[in-house]
Amino acid sequence: MKQNLASSVRFILLLFLNIECLNEQSPPGKPEVLKCRSPEMETFTCWWKPGSDSGLPTNYTLLYNKEGKEQIYECPDYRTAGPNSCYFDKKHTNLWTSYNISVKATNEAGSNISNPHYVDVTSIVQPDPPVNLSLQVIQSAGILYLWAKWSPPPLVDVRSGWLILHYELRLKSEEREEWETIFVGQQAHYKTFKLHPGLKYVVQVHCMLDHGEWSEWSSESYIQIPNGQPPGRPELLRCRSPEKETFTCWWKPGSDGGLPTNYTLFYSKEGDKSINECPDYRTAGPNSCYFGKKHTSLWAIYNITIKATNKMGSNISEPQYVDVTYIVQPDPPVNLSLEVKKQVDGKPYLLLKWYPPPLADVKSGWLTLEYKLRLKPEEGDEWEIIFVGQQTQYKLFSLNPGKKYIAQVHCKPDHGEWSEWSSESYIQIPSDIELKDVLVWIFVAVLSSVICLIIIWTVALKGFSMVACILPPVPGPKIKGLDTHLLETGRSDEFLSALGCQDFPPTSDCEDLLVEFLEVDDSEDQQLMPSHEKGHPSKNMKSTHKETDSDSGRGSCDSPFLLSERSRDPRILPSAFQTPDISEISENNARKNSCEIQSTDLKGKIPYFSIGGTKLSTWPEAQLPNNQTPKCSYHNITDVCKIALGTMNVTVTSILGGNEENQQSQYSKSTETISEEKLHKQGEVESLHSKADQDRMQLLPNEKSPFLSAKLMDYVEIHKVNQDGALAVLPKQKENNGKTENCTVPGTSKEYAKVSRVVDNSILVIIPVSRVQTTPMFQEPPKESVQNLQQSQTEKSMSYCFTTPSERKIDTGGLDYLDPTSFMCSFN
Amino acid sequence: MRAARKGYAWLCALLWLLGKPPGAVFVAICARQGDSSCRFLSVSDLFDRVIQHSDRLHSLSTALYLDLEKNFLPNGNELGKWTGKCHTSRMLTPNGKEYVQKIPREELTQLILRLLQAWKEPLSHFDQNIGHHQELSSDSLSKAKQISNMVHELKTGMEKVTEKMQSMGIISNSLNGMGSSEAAGLSISNEANVMSDYEFIHCFRRDSNKVQSYLKILKCRIWPGNSC
Chain P
1 MKQNLASSVR
11 FILLLFLNIE
21 CLNEQSPPGK
31 PEVLKCRSPE
41 METFTCWWKP
51 GSDSGLPTNY
61 TLLYNKEGKE
71 QIYECPDYRT
81 AGPNSCYFDK
91 KHTNLWTSYN
101 ISVKATNEAG
111 SNISNPHYVD
121 VTSIVQPDPP
131 VNLSLQVIQS
141 AGILYLWAKW
151 SPPPLVDVRS
161 GWLILHYELR
171 LKSEEREEWE
181 TIFVGQQAHY
191 KTFKLHPGLK
201 YVVQVHCMLD
211 HGEWSEWSSE
221 SYIQIPNGQP
231 PGRPELLRCR
241 SPEKETFTCW
251 WKPGSDGGLP
261 TNYTLFYSKE
271 GDKSINECPD
281 YRTAGPNSCY
291 FGKKHTSLWA
301 IYNITIKATN
311 KMGSNISEPQ
321 YVDVTYIVQP
331 DPPVNLSLEV
341 KKQVDGKPYL
351 LLKWYPPPLA
361 DVKSGWLTLE
371 YKLRLKPEEG
381 DEWEIIFVGQ
391 QTQYKLFSLN
401 PGKKYIAQVH
411 CKPDHGEWSE
421 WSSESYIQIP
431 SDIELKDVLV
441 WIFVAVLSSV
451 ICLIIIWTVA
461 LKGFSMVACI
471 LPPVPGPKIK
481 GLDTHLLETG
491 RSDEFLSALG
501 CQDFPPTSDC
511 EDLLVEFLEV
521 DDSEDQQLMP
531 SHEKGHPSKN
541 MKSTHKETDS
551 DSGRGSCDSP
561 FLLSERSRDP
571 RILPSAFQTP
581 DISEISENNA
591 RKNSCEIQST
601 DLKGKIPYFS
611 IGGTKLSTWP
621 EAQLPNNQTP
631 KCSYHNITDV
641 CKIALGTMNV
651 TVTSILGGNE
661 ENQQSQYSKS
671 TETISEEKLH
681 KQGEVESLHS
691 KADQDRMQLL
701 PNEKSPFLSA
711 KLMDYVEIHK
721 VNQDGALAVL
731 PKQKENNGKT
741 ENCTVPGTSK
751 EYAKVSRVVD
761 NSILVIIPVS
771 RVQTTPMFQE
781 PPKESVQNLQ
791 QSQTEKSMSY
801 CFTTPSERKI
811 DTGGLDYLDP
821 TSFMCSFN
Chain Y
1 MRAARKGYAW
11 LCALLWLLGK
21 PPGAVFVAIC
31 ARQGDSSCRF
41 LSVSDLFDRV
51 IQHSDRLHSL
61 STALYLDLEK
71 NFLPNGNELG
81 KWTGKCHTSR
91 MLTPNGKEYV
101 QKIPREELTQ
111 LILRLLQAWK
121 EPLSHFDQNI
131 GHHQELSSDS
141 LSKAKQISNM
151 VHELKTGMEK
161 VTEKMQSMGI
171 ISNSLNGMGS
181 SEAAGLSISN
191 EANVMSDYEF
201 IHCFRRDSNK
211 VQSYLKILKC
221 RIWPGNSC
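Residue numbers (UniProt numbering), protein chains in the order written: chain P, 1 to 828; chain Y, 1 to 228.
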């Protein structure tokens with residue numbers, strides 16, 4: 001190397017000397033070796049750049065020497081590689097050898113030599129770009145891709161394996177700037193898939209040897225990616241005949257490849273080799289073919305294919321074989337109607353009716369349809385399916401009332417498929433009739449309870465005034481001592497205060513009972529009639545209670561009527577019943593009875609009063625003022641009655657029994673004993689009562705006496721009044737009297753005679769006391785009443801508010817009244 | 001098997017019915033001998049029974065067809081391999097409702113009889129030979145036997161009903177003799193032997209359906225409104 005360097009230095013110095021010494025004109029500029037390249041590692045070429053031109057023609061020579069050799073050579077070939085280049089062919093190219101290359105520019109004025117350039121052929125390899133780049137768009141299995149193919153540069157010997165090339169490909173769509181570069185490898189082709197249809201692409205390739213540099217990019221290649229593709233394969237979905245006369249086939253189109261695609265259906269019939277096209281694409285909608293009657297043959301197999309065609313190509317479906325006989329699926333039945341009907345026994349059933357599908361020709365027998373129903377309650381999940389057969393109606397008996405049902409029907413030909421279900425039909429099953437009844441009853445119950453509440457409310461609110469309106473006049477005025485003026489003009493409070501009995505609270509029992517009797521009191525006719533009415537049930541009803549009721553209450557007060565009715569009634573009173581009756585009555589019914597008695601008392605009093613006034617017309621007038629008073633007086637009475645009535649009832653019943661016995665002599669003996677027993681009991685009761693009376697009287701001395709007397713008076717007076725009063729005042733009463741006459745005991749007739757006298761004297765004064773005890777029961781009360789009346793006469797001003805003297809009389813009255821001997825006598 | 005027994009019962013009833021001397025418009029049917037509650041069947045009722053019989057025949061043939069398809073052609077949709085040659089294909093039969101309705105009653109009756117006749121021989125032959133298929137179940141074999149018998153009975157029944165209808169004047173007596181159809185049947189039966197069992201049953205299934213459809217149309221034409 002040192003020798004080399006020394007020689008080259010010498011060479012350069014010589015050149016310099018030449019330039020400076022020989023030529024005054026400027027020598028050429030210094031040239032420069034640009035590059036040396038070997039395209040295939042067999043040859044190589046070097047290029048230089050001339051230096052500044054001095055104006056003189058300049059000659060360039062390339063001089064080189066090889067590594068390890070001092071000999072200097074000139075370029076073997078200035079032409080092949082063009083101007084300013086030197087081509088070293090295979091002969092002059094040694095691999096694995098360094099070349100020292102310089103360029104000498106020479107003209108007349110001198111020469112100039114470039115800097116030396118050292119080159120190793122293996123390291124300066126740069127192949128030519130690949131050639132013959134071809135592009136192709138390929139579709140396979142519906143996928144579109146770009147196929148790029150090229151050849152290696154022609155100089156490079158690839159086949160011998162001497163050199164191995166590596167390629168790179170770049171592409172972009174035409175309007176884009178950036179390239180997409182893809183390393184391909186050693187193969188000279190490439191597939192790319194990421195393409196947008198409709199765009200134009202630019203593609204280039206370059207290559208490289210194992211060592212060295214990438215070649216230049218090959219020339220650009222262009223390709224237009226097509227916008228569509230051939231259609232996908234269509235598919236025949238199914239064929240269906242709704243009525244076994246025509247049929248329709250539907251198909252599913254494949255992908256259309258982005259291009260307008262045409263579908264055609266071809267068919268060939270069995271035994272017919274010609275291929276026909278679908279006769280009607282329209283009737284059955286898109287992607288379908290309708291075969292009319294003309295084109296439909298039964299019992300022949302159709303071979304059907306569908307062809308899809310577009311610009312890019314065509315595709316044919318798999319053939320399908322169809323036998324019209326077995327593709328019958330009718331339309332669903334129509335007009336499904338639901339109706340709830342009633343059986344003979346009133347139970348509801350559901351009648352379902354429908355019609356076969358209009359297309360199906362059932363009448364000619366061409367098609368035989370069978371039906372299936374399904375129904376469920378609206379909220380239910382499970383359908384109940386009923387096979388109906390060939391009928392077009394069905395009766396359903398098992399129904400849940402009050403539910404809404406959904407029903408559907410479908411049909412099937414004898415060899416075919418079930419149709420779709422018909423549209424849903426709804427029906428509301430009416431709820432059971434029993435339920436209705438219950439509702440009605442509930443309604444009635446509610447209504448009636450409301451009415452009751454209203455009545456109770458009004459009574460509670462306006463109790464006083466209502467009672468006043470309805471109630472009969474207070475019997476008070478009959479007593480002479482009573483202040484009639486106060487009754488008429490004064491308020492009830494005042495009146496009651498006068499009586500001294502405000503403290504007694506009203507009881508509903510009494511009010512009700514009073515109401516009953518109020519009706520009676522309005523006129524004498526009415527008075528009598530209700531008593532009859534009451535008398536009847538008491539007799540007809542065998543229950544002992546009623547009997548005793550009437551006995552105790554009425555009997556004591558209204559005895560004449562009761563008796564008369566009883567006597568008319570040939571009914572036999574069993575002895576066994578009577579005794580318990582009495583006891584029961586006296587014990588249990590005392591209070592109730594007392595009320596009745598009171599009311600009857602009123603009755604008795606009223607007529608009495610009226611007589612006193614000598615006018616019947618005055619009655620109502622008298623009632624009005626008295627209306628306010630009754631309550632107090634009645635309640636007072638009740639208490640009194642409680643005490644007194646026990647005894648009263650007993651006596652009365654016994655008497656009644658006696659009466660009947662008298663009339664019906666057969667039973668006289670038994671009744672006697674009964675009566676005896678009664679009397680005994682009575683005696684006991686009486687004694688008890690009398691004790692109670694006394695106690696009470698101590699507590700309430702005022703109240704008892706007048707009322708007791710009043711009762712007794714009623715009892716007797718009614719008779720008297722009726723009879724006598726009828727004569728004097730009320731002719732209507734005679735009828736009643738007529739009735740009573742039958743039953744009156746002979747003893748009473750005497751009484752009446754006496755009484756009539758009394759009546760003549762205008763009511764009150766008449767009755768002789770002594771006889772009463774001897775006379776039968778009916779006559780006892782008159783005596784007392786007379787006493788009371790006398791009292792009342794004497795004590796006009798005092799009226800109902802009783803003074804102490806009255807007590808005594810009551811006591812005596814009670815005693816008289818209770819005296820068993822008198823009864824015994826009378827009945828015997 | 002139950003269905004089969006039922007079918008036999010039907011057959012017996014039908015035969016018994018049809019075996020009665022013709023001429024009477026109504027036929028007495030008794031549930032038991034000596035049963036006083038005998039009732040009379042009209043010809044239309046008899047016709048109904050013939051239809052039911054044909055219905056049953058078709059169902060049986062369908063069942064057997066499916067059996068064979070399962071055994072020999074397991075790939076399904078094998079109609080395509082079908083050569084399309086039934087031995088009855090030569091007979092001109094209406095293949096649509098309107099065509100059927102256009103044909104006079106007598107011709108239709110005759111057509112039905114001819115179709116049945118054409119199958120009588122081949123079916124009995126088929127019944128005898130199908131036994132060699134080891135893979136077929138005994139059920140399929142019994143079906144084949146049943147079909148063979150039923151066609152025979154159906155034809156007999158149809159002839160009886162035809163006679164009755166003729167005697168009643170419902171259809172005219174202008175039917176051609178059976179000779180020609182029998183001859184056709186004989187000539188056809190040779191072709192039938194060439195067919196595979198599968199094709200054979202396919203053809204029969206088709207023709208039994210034809211018979212059934214023709215019978216229904218015929219019945220509704222003669223007695224319209226009676227369940228039509």
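Hints in this document: simulated from the structure, not taken from any laboratory.
These numbers were taken from a predicted model, which means no experiment stands behind them.
Please note: incorrect hints may appear among the correct ones.
Said to hold, decoys possible - The list that follows gives simulated cross-link-like pairs (lysine to any residue, SDA-like), each with its CA atoms no further than 25 Å apart:
1. P/K403 x P/E370
2. P/K403 x P/I442
3. P/K269 x Y/E69
4. P/K412 x Y/S148
5. Y/K102 x P/D361
6. P/K294 x Y/E69
7. Y/K85 x P/Y321
8. Y/K70 x Y/S148
9. P/K293 x Y/M91
10. P/K294 x Y/K70
11. P/K35 x P/S85
12. P/K269 x Y/C228
13. Y/K102 x P/H295
14. P/K372 x Y/C228
15. P/K252 x P/P286
16. Y/K85 x P/I275
17. P/K191 x P/E178
> Which of the numbered hints are not met once you compare them with the structure shown?
Replying inline: Of the numbered hints given earlier, those the structure breaks are 1, 4, 6, 10, 12, listed in rising order.
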